[in-house]
Amino acid sequence: AQKITQTQPGMFVQEKEAVTLDCTYDTSDPSYGLFWYKQPSSGEMIFLIYQGSYDQQNATEGRYSLNFQKARKSANLVISASQLGDSAMYFCAMSSDGVYGNNRLAFGKGNQVVVIP
Amino acid sequence: SQTIHQWPATLVQPVGSPLSLECTVEGTSNPNLYWYRQAAGRGLQLLFYSVGIGQISSEVPQNLSASRPQDRQFILSSKKLLLSDSGFYLCAWSVRQGLPGANVLTFGAGSRLTVL
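Protein sequence lines, in the order shown, are assigned to chains Y and V.
The numbering used here numbers the first residue of the first sequence as 3 and each following residue consecutively.
The numbering used here numbers the first residue of the second sequence as 4 and each following residue consecutively.
No wet-lab data here; the hints were simulated from the structure.
It is possible that some hints are incorrect.
What the hints assert, rightly or not - Not the full set, but computed from the structure, chain Y residues with beta-carbon under 8 Å of chain V: (1) Tyr27; (2) Gly110; (3) Gly112.
What the hints assert, rightly or not - Computed beta-carbon distance windows for the label pairs: (4) Y:Gln58 / V:Ala112: 34 to 40 Å; (5) Y:Lys5 / V:Glu25: 40 to 46 Å; (6) V:Lys82 / Y:Asp31: 14 to 20 Å; (7) Y:Thr22 / V:Val18: 27 to 33 Å; (8) V:Lys82 / Y:Ile118: 43 to 49 Å.
By construction, the Cβ of each residue, glycine as well, lies at the ideal position given by its N, Cα and C atoms.
Hey, can you work out the whole structure from these sequences and the hints?
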């Protein structure tokens with residue numbers, strides 16, 4: 003079974019600084035995907051970035067980048083130049099069993115980020 | 004473009020009452036559909052997923068059931084709610100075909116259920 007671990011306590015980040023959110027995972031599947039989602043106080047889940055297990059390069063999407071270290075089974079999210087709107091819960095997730103056409107995600111417990119001016 | 008709708012947004016129900024949460028997707032065909040639950044301050048737990056009409060897989064045995072009467076409609080139900088059913092329920096969809104593990108889930112706005 004897949005397991006996602008996010009253990010950092012709530013974080014306060016100064017506006018315009020970078021923040022790194024830790025995520026480690028455990029799986030026996032040879033092929034899998036890693037995702038990060040943002041959940042603001044409104045509750046909606048917003049997709050941020052995806053990394054495939056066979057991707058050679060770390061994924062980047064605007065101010066978001068994923069530091070993927072396959073051997074260490076970690077997929078940390080880096081948010082550069084933090085903005086006040088980045089204040090939210092951030093969830094790391096992993097696709098389940100790599101079955102073609104079926105993408106069940108297992109989620110970690112999340113990291114709370116508060117950006118301060 | 005694809006959109007996903009969930010309703011009701013907020014629901015307060017007494018213990019023992021029935022439940023029906025509805026989710027519909029527009030702008031796509033043959034989606035995979037999912038129901039997740041988020042307890043207060045916790046991560047998301049997958050409850051049900053569906054790869055087609057009438058095809059429902061349950062991830063966690065519980066007081067809830069799901070149905071998919073139409074291709075783009077997914078319903079979460081209960082005959083008798085328990086206090087432990089309180090939480091934030093999120094519906095999501097993904098494309099059916101794609102690389103293993105690569106399909107992004109797009110979530111609805113969620114339904115907040117309080118059972119008293």
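Evaluated hints:
Annotation: tyrosine 27 (chain Y) was flagged as interfacial toward chain V, and the flag is violated, the nearest CB pair being 12 Å apart, outside 8 Å. At a threshold of 8 Å, the smallest CB-CB gap from glycine 110 (chain Y) to chain V is about 6 Å, leaving the interface hint in force. Satisfaction of the interface hint for glycine 112 (chain Y) is found here, the shortest Cβ-Cβ separation to chain V being roughly 6 Å, below the 8 Å cut-off. Taking the beta carbon of each, glutamine 58 (chain Y) and alanine 112 (chain V) are about 36 Å apart, inside 34 to 40 Å as hinted.
Our hint of 40 to 46 Å for lysine 5 (chain Y) and glutamate 25 (chain V) is violated, since their Cβ atoms are close to 32 Å apart. A hinted range of 14 to 20 Å is violated for the C-beta pair lysine 82 (chain V) and aspartate 31 (chain Y), which are about 36 Å apart. The supplied range of 27 to 33 Å is broken by threonine 22 (chain Y) and valine 18 (chain V), whose beta-carbon atoms lie about 43 Å from each other. As the Cβ distance of lysine 82 (chain V) to isoleucine 118 (chain Y) is approximately 47 Å, the hint placing it in 43 to 49 Å holds.
Comparing the model with each earlier hint shows violations of hints 1, 5, 6 and 7; every other hint is respected.
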